[in-house]
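Each protein sequence line maps, in turn, to chains A and V.
Position 301 of the first sequence, counted from 1, bears residue number 301 in UniProt numbering, the numbering being contiguous throughout.
Position 61 of the second sequence, counted from 1, bears residue number 61 in UniProt numbering, the numbering being contiguous throughout.
Everything labelled a hint here was simulated from the structure, so no lab data went into it.
Check the hints yourself; a few may be wrong.
[Stated by the list, open to error] So, partial list: chain A residues that the calculated Cβ filter (under 10 Å) puts toward chain V: (1) Y57; (2) L77; (3) L93; (4) N218; (5) M233.
Predicted, not measured: the structure shown is a model, and the values here were computed from it.
Note that the Cβ used here is the ideal one computed from N, Cα and C, for glycine as well.
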Amino acid sequence: MPEQQPKLVMENIVKEFPGVKALSNVQLSLYPGEVHALMGENGAGKSTLIKVLTGVYSIDQGSVTLEGKPVHINSPLEAQENGISTVYQEVNLCSNLSVTENIFIGREIKKYGRLAWKEMHQHAEKLLEKLQLKIDVTKLLSSYSVAIQQMVAIARTLNVSAKILILDEPTSSLDRDEVHHLFAVIRQLKKEGLAIVFVSHFLDQIYEITDRLTVLRNGEWIGEYKTKEIDRMELVSKMIGKELQQMDDISSKSTVNQEKIPASFLKADEVGVKGKIDPFDLEMRKGEIVGIAGLLGSGRTEMARVLFGADRADKGKMKVDGKEVNFSSPRNAILKNIGFCSENRKSEGIIPELTVRENMILAIQSIYGWFNYLSKLKQIKIAEEYIELLNINPANPEHLIKNLSGGNQQKVMLARWLITNPTLLILDEPTRGIDIGAKTEIMKLMTRLSKDNKSILFISSEIEEILRTCNRIAVLRNRKKVKEFYNDKELTQQDLMKEMAGGM
Amino acid sequence: MINRLSLDYKQLPLLATISLFVLMFSFGSLRYTGFFSTQVFLNLFIDNAFLIVIAVGMTFVILSGGIDLSVGSLIALTSMVAASLTMEAQLSPWIVVPISLLVGTVFGVVQGALIHLYNLQPFIVTLAGMFLARGLSYVISVETIAIDHPFFSYMASIQIPLPGDNFISISVVIALIVVVIAIFIGHFTNFGRTVYAIGGSEQSAMLMGLPVGRTKILIYTLSGFCASLAGLIFTFYMLSGYGLHANGMELDTIAAVVIGGTLLTGGAGYVAGSVVGVLILGIIQTIIVFEGTLSSWWTKIAIGVLLFLFIILHRVIVLRSEKKQASN
Numbered sequence: 001m002p003e004q005q006p007k008l009v010m011e012n013i014v015k016e017f018p019g020v021k022a023l024s025n026v027q028l029s030l031y032p033g034e035v036h037a038l039m040g041e042n043g044a045g046k047s048t049l050i051k052v053l054t055g056v057y058s059i060d061q062g063s064v065t066l067e068g069k070p071v072h073i074n075s076p077l078e079a080q081e082n083g084i085s086t087v088y089q090e091v092n093l094c095s096n097l098s099v100t101e102n103i104f105i106g107r108e109i110k111k112y113g114r115l116a117w118k119e120m121h122q123h124a125e126k127l128l129e130k131l132q133l134k135i136d137v138t139k140l141l142s143s144y145s146v147a148i149q150q151m152v153a154i155a156r157t158l159n160v161s162a163k164i165l166i167l168d169e170p171t172s173s174l175d176r177d178e179v180h181h182l183f184a185v186i187r188q189l190k191k192e193g194l195a196i197v198f199v200s201h202f203l204d205q206i207y208e209i210t211d212r213l214t215v216l217r218n219g220e221w222i223g224e225y226k227t228k229e230i231d232r233m234e235l236v237s238k239m240i241g242k243e244l245q246q247m248d249d250i251s252s253k254s255t256v257n258q259e260k261i262p263a264s265f266l267k268a269d270e271v272g273v274k275g276k277i278d279p280f281d282l283e284m285r286k287g288e289i290v291g292i293a294g295l296l297g298s299g300r301t302e303m304a305r306v307l308f309g310a311d312r313a314d315k316g317k318m319k320v321d322g323k324e325v326n327f328s329s330p331r332n333a334i335l336k337n338i339g340f341c342s343e344n345r346k347s348e349g350i351i352p353e354l355t356v357r358e359n360m361i362l363a364i365q366s367i368y369g370w371f372n373y374l375s376k377l378k379q380i381k382i383a384e385e386y387i388e389l390l391n392i393n394p395a396n397p398e399h400l401i402k403n404l405s406g407g408n409q410q411k412v413m414l415a416r417w418l419i420t421n422p423t424l425l426i427l428d429e430p431t432r433g434i435d436i437g438a439k440t441e442i443m444k445l446m447t448r449l450s451k452d453n454k455s456i457l458f459i460s461s462e463i464e465e466i467l468r469t470c471n472r473i474a475v476l477r478n479r480k481k482v483k484e485f486y487n488d489k490e491l492t493q494q495d496l497m498k499e500m501a502g503g504m
Numbered sequence: 001m002i003n004r005l006s007l008d009y010k011q012l013p014l015l016a017t018i019s020l021f022v023l024m025f026s027f028g029s030l031r032y033t034g035f036f037s038t039q040v041f042l043n044l045f046i047d048n049a050f051l052i053v054i055a056v057g058m059t060f061v062i063l064s065g066g067i068d069l070s071v072g073s074l075i076a077l078t079s080m081v082a083a084s085l086t087m088e089a090q091l092s093p094w095i096v097v098p099i100s101l102l103v104g105t106v107f108g109v110v111q112g113a114l115i116h117l118y119n120l121q122p123f124i125v126t127l128a129g130m131f132l133a134r135g136l137s138y139v140i141s142v143e144t145i146a147i148d149h150p151f152f153s154y155m156a157s158i159q160i161p162l163p164g165d166n167f168i169s170i171s172v173v174i175a176l177i178v179v180v181i182a183i184f185i186g187h188f189t190n191f192g193r194t195v196y197a198i199g200g201s202e203q204s205a206m207l208m209g210l211p212v213g214r215t216k217i218l219i220y221t222l223s224g225f226c227a228s229l230a231g232l233i234f235t236f237y238m239l240s241g242y243g244l245h246a247n248g249m250e251l252d253t254i255a256a257v258v259i260g261g262t263l264l265t266g267g268a269g270y271v272a273g274s275v276v277g278v279l280i281l282g283i284i285q286t287i288i289v290f291e292g293t294l295s296s297w298w299t300k301i302a303i304g305v306l307l308f309l310f311i312i313l314h315r316v317i318v319l320r321s322e323k324k325q326a327s328n
């Protein structure tokens, strides 16, 4: 197959955002009739690369060659005109329009200067039949399931003689039969000579459908491999950045005192949310750090959200301090001394236009109630205390938080919850996107907190960090808790990765 | 899954509106002698022709998820421009009419361009436009300018006879032409469908490669033009220009569009619905006139109650369709 001329070659792609290098020297080549997986963890640069290819972002450096000709793609419209179409994860169509319209809008069939609805309906039916789908095309898109909406999105791309089809996490909200149907369609399109980019976090699916794959990590190109020739362990190690040899070498390991089992704080018994996380057992004990290991999309955040009451459990029982609880909102959890530091610092955590002090006191103020206003003097005292404790730089409580570095913003977020003195602190990727110095400090802080008899749930993509800090480790895969380890001397990164990758 | 008998949820508000109108008309007919006549029905159009025209423009704006607060003031400004050009500058209607129509159109282009280019909230841009247009009408004159010109008098008084001793005014003809063109634009042109797409999801519309910016500017231009045309019809009706004309009319228009079944969040609704919405506002007034003893403020109370009912209806419909989708 690769003896043919490639459909698309991207070389030395560089894309910078203020303060971040989202892509540095990334390359990608696509051949007709292949399914090419784009692999990488959170922040690896997959979505940026896709957005560059589809004209949502412009590139700072590098070249894009389409069928041997250099092209500059400046808008989604231009990408489509060049035959590059994308089906996004959260289907980006207009659900208030009919199926037909979603396929044709922007390039409608016209007759005598008016839109020819009859012809369009017929044509739409034909296109969907090709995808083995027989539905009433005059109905609103919103009356159909996500799986069908996705097929409609694919039909839309087929209507413009597409050369390259990008499927961005198409399977994340489909059930098994729907995935099966989608794969049948992908194989058919492949036969017709389309180059298909496939992004998914499900390794099983990658091995089932793709021919080759490109791995990105932290915005850098790691390599291009034939799917058949790389095994799961190796792939996972490329994605998370640990070489195999390196992984056997365990130098740092926390010293866990397992002689006496500490008191239990929270106990989850078969707790689950339909479609998000399968029922799981988990016990959080005081003075213990529990790590959650798993690839992106394995249900890590979902697990944390249930424990915090951000999503309501529809199965199982949860006990806090021996008493049964039923969290219907985070407020219930906060009142039970549980804190949650979100993964999305930007969208769920910091409030950029407020100062460090104001960001810090948000959670404690909400516990006191808004009528019981903390005096400014008290606020400053608290803020200064935690700035010193966490070594936040610049050490000025009146600084706007948006002007702080990622690591320092993260520390402010931590401070926000530490001020409330939680017994259980859930940290979802607290070390992501911050520099090594700040990472070490945050891990040191976790150890200190556990010595203070706090319980910590630590979610991280960095296996090494988990191994270094945690007493117990739960491994998630495909929205399911598959294994729980005691972090003793024998446990290696390899053991964890085997469970994370699965299917071996 | 094919051909479920249930209606599309987007058609429910429209059906509710039409049923409500029929109900109110029947109520009036049963209660008051002389209410059940073709002329009473036609008067609804004659008295509200200008409101129909602005409601048409407003429908496109709201369908796209925006709002236009400047239309009431633009009616006043257009009436002032028409009156002063006719009476003070002594210009011929052949010049006055096109210039008056340009007033709102230019306003619309500028507002649309600001909204698109600087990514501003339509609410605040058109609020500024509302103050500006109202203020400018007073710059032309603080006093009422009465129009005494054969063309305007002719337009005001002409009655187009209909069978059965009934008649309509020229304004009604203009309004109905506008409605027909708007329905065509809404359903049979790319522009119209792009408006619906933007209202459904602007982000998606952009990613689908639709000309979002151009369409948004055109939407406000269309609304501005409709406001000016309504301003001219209003001038025929009042035979004067005055800075206080159509005070608060933008809110009546929004009420009519929403009662007509268009979702304030955009993406669903019909031009025809807005026409029925205007007729419902009209019939409330007619009923109050027939009642004889009620204060005209009851109109506001009735509109308020109806608006509450309709936004709740919208919410329920949206929630139901979301539930349906979740169970899919």
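Consistency of the hints with the structure:
no.	hint	in the structure
1	Y57	violated (13 Å)
2	L77	holds (4 Å)
3	L93	holds (6 Å)
4	N218	violated (26 Å)
5	M233	violated (37 Å)
Checked against the numbered hints given earlier, the structure breaks hints 1, 4 and 5 and satisfies all the rest.
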